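Engineer: Here are the chains, one letter per residue:
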Amino acid sequence: MATIPATALAPKRATSADRPPKKRKGIKSPYSMWFYLIPAIIYVVLFIAPTFASFFYSLTRWNLFTAQFIGFGNFVEFFQEQNLTQGLINTGIYAVVTSGLKVVLGMLIGVVLTSQIIARGYLRSVVFFPVLVSTIGVGITFAVLMNPTSGLINKSLALVGIQGPAWLTDPAWALLSVAFVDVWKGVGLATVIYIAGIVSIPVEYFEAAKMDGAGPFKNFTQIILPLARPATVTVIILSLIGGLRSFDLIWAMTRGGPGFTSDVIASVIYKQYQAGFYGLSTAGNVILFLLVTVIVMPLSWFLNRKEVY
Amino acid sequence: MLSLKTKRSILAVAAGVSAVALALTGCSSGGGTGTGASATSKQTISFLIDNSDANVKLAKGLIADYAKIAPKVTVKLETRPAGSDGDNLIKTRLSTGTMNDVFFYNSGSLFQALAPEKNLVDLTNQPFVANTDPGFKTVVTSNNKVYGAPAGTAMGGAILYNKKVYADLGLTVPKTWDDFIANSQKIKAAGKIPIIQTYKDTWTSQLFVLGDFANVTAAEPNWAKDYTANKAKYATDPIAAAGFNHLEQVHSLGLLNKDFGSATFDQGLKMLATGQGVQYPMLTFAVSTIIANYPDNAKDIGVFAIPGTDASKNILTTWEPAAVYIPKTTKHLAAAEGFVNFIASTKGCDSQTKSSGITGPYLVKGCDLPADVPTYVADMLPYFQAAGGTSPALEFVSPIKGPSLEQITVAVGSGITPAAKGAAQYDNDVKKQAQQLGISGW
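Those sequence lines, one after another, are chains U and L. Per the numbering used here, the first sequence starts with residue 1, numbered consecutively. Per the numbering used here, the second sequence starts with residue 1001, numbered consecutively.
The hints are simulated quantities; they were obtained by calculation from the structure and are not laboratory data. Computed from a prediction, not measured in an experiment: that's the story for all the values here. Incorrect hints may have been included.
Claimed, not checked - Below, computed lysine-lysine pairings styled on DSBU-like, alpha-carbon distance capped at 30 Å:
hint, chain 1, residue 1, chain 2, residue 2
1, L, Lys1431, L, Lys1421
2, L, Lys1270, U, Lys155
3, L, Lys1258, U, Lys155
4, L, Lys1192, U, Lys155
5, L, Lys1313, L, Lys1225
6, L, Lys1331, L, Lys1313
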């Protein structure tokens, strides 16, 4: 842009001011330019400026008081982070487990709740209820329930003679325990999306299938499964993004512990921030941003491409 | 970063969000020095302290007693989360120029991370400085200027033990680590918990490493200097690595309470007070909580230094008290200075003793302890009185403390990470912190 000389633009601008409406294609907006300017300023100040500021700070050693430019040092450091590999693997496990379970359970519950059953409306709201509760509250509650010795879950298991694991303090279980709670909390949303998807399938298909002698199982595999595809796509993408950047529940329940065994990328980043490595933490956020983009964009394209027919 | 209090996870998130928001507006950090208004007019200053019960009580007592001396000045109390969340809040407030007129914060390495020359008021010429213990002055000094006044008492990082159980089992205070393990085995055989660990509150896991530092200095007097200069490492020095090895050993020998992973600090204190558990590596300030909650058991709680290899050198690793500081952005400098001078005076000590009891020696000249001190303080005093009986913890002799130590020690203490690997991880953590602080040689 800067290469265009100002003089070249000047006469053009004058002429276009003389006869503005003719050159314009499409519909002329009824609002003046000032109408758009304010939202633009708000957008730039609140979204664009911080985004670019964080790109800048990710290249510095920053202690909130001073920022020293160190190039890509933070990124190099972040990738050498001792628990980053573990965090990346955990993030993957967490995202896949929660996303997969939400799809399967959400669809099953969705099918049940669209069929003719007693108290359907009540059950729909019960399934959705956990979505409305604060994540931190859920995390703290389940941390109490999952206490290995005094928690309700292991006490109940003991009644039927099962020795429950130390859910949150056993390195093998900690991450999965949090993932299960995440599914418990999030499956309501997936169910609602599926209910909407299943209800929107025209009744004619089911009637025709009935004429052909299809049972409930055929109905499910041949009609609901393929025609609820947009719902599946939405659930997978939403829960995968949610899983990849999930933080609050993990922090409330285990803080990434014991040790580093349930750390995910977001909690590694938060710990850097908490430790006062602000530049390093910002670099981690830039990496997380890129990672989510790289995973979700092609996935979204792949899942949506069959929709157009 | 061994902060003395529990952390609040909910506030962490809130603090994180607000810190980010503030950081965006914080490009211009606090400049202009306060213009101390005349102390004769009525003024209100605010005082920020962490939200632990013990410190809130301390602050309330100080404020009430200061109101009697300086009726024109009203001090308003504000609390903050403890631990790393509190560290962030302090740094954010300083960098955005919104810090309270007086604030309470750790001395030593955490103080150094606040960029004192840029953010804090130089208190070198204040009257309290002449009456302050020289050792304490060094941990609130940056470039030969004193920035903080002592608040609270010195404490030890040691083994708290139940004297009653020790007497019942006929045990004596161990002088070497091997004696300590032998005692622990006997306690285990008697059906009690030999060593209490409470990894739900991760900060409590650091004592075997941090509290062993007196033994490191005894063997290698220059270790702290070499460590700061990037020469000495935990992983490559077997004496320094001992703390990590001890942590691993007590777990692998099965000397811990079964619920070490999910137990909390408060549960640990309860086990110790009731005699269900017998030894708890901890900072001595914790006993004041036992005195408050289990007054009948308090006299059973004793203290001994974490033993090393040499029985002739039995040295207590000590923690300097926290300090009160004044930010440069205060608008009530004179009133703030008055309050700070009061805290670090004999009247201030009296006020602290009144509200919190005696928790250890004060570092202000003239603040002597009465004869009838609690048992655990009486156990500690011989270390302070003997020549070379105490040695400050590493965070007071070096500006560098790696922030992830508590997670690493939980991993080592739970048998997830081997000791040698944990020590190497901590060295790496220290490297990052040194670079962040801009220390030369890293």
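Engineer: All the hints need checking, so say for each whether the structure fits it.
Structural biologist: Verification of the hints:
1. A C-alpha spacing of about 15 Å is found between Lys1431/L and Lys1421/L, which places the hinted pair at or below 30 Å, so the restraint holds.
2. Proposed proximity of Lys1270/L and Lys155/U is supported: the alpha carbons are some 22 Å apart, at most 30 Å.
3. Taken as a hint, the Lys1258/L and Lys155/U pair is honoured in the structure, with Cα atoms around 16 Å apart against an allowance of 30 Å.
4. Of the supplied pair hints, the one linking Lys1192/L and Lys155/U holds, its CA atoms being roughly 24 Å apart against a limit of 30 Å.
5. For the hint pairing Lys1313/L with Lys1225/L, the CA-to-CA distance comes to about 21 Å; that is within 30 Å, so the pair holds.
6. Our distance criterion of 30 Å between C-alpha atoms is broken by Lys1331/L and Lys1313/L, whose separation comes to about 50 Å.
In summary, the structure is inconsistent with hint 6 from the numbered list given earlier, while agreeing with all the others.
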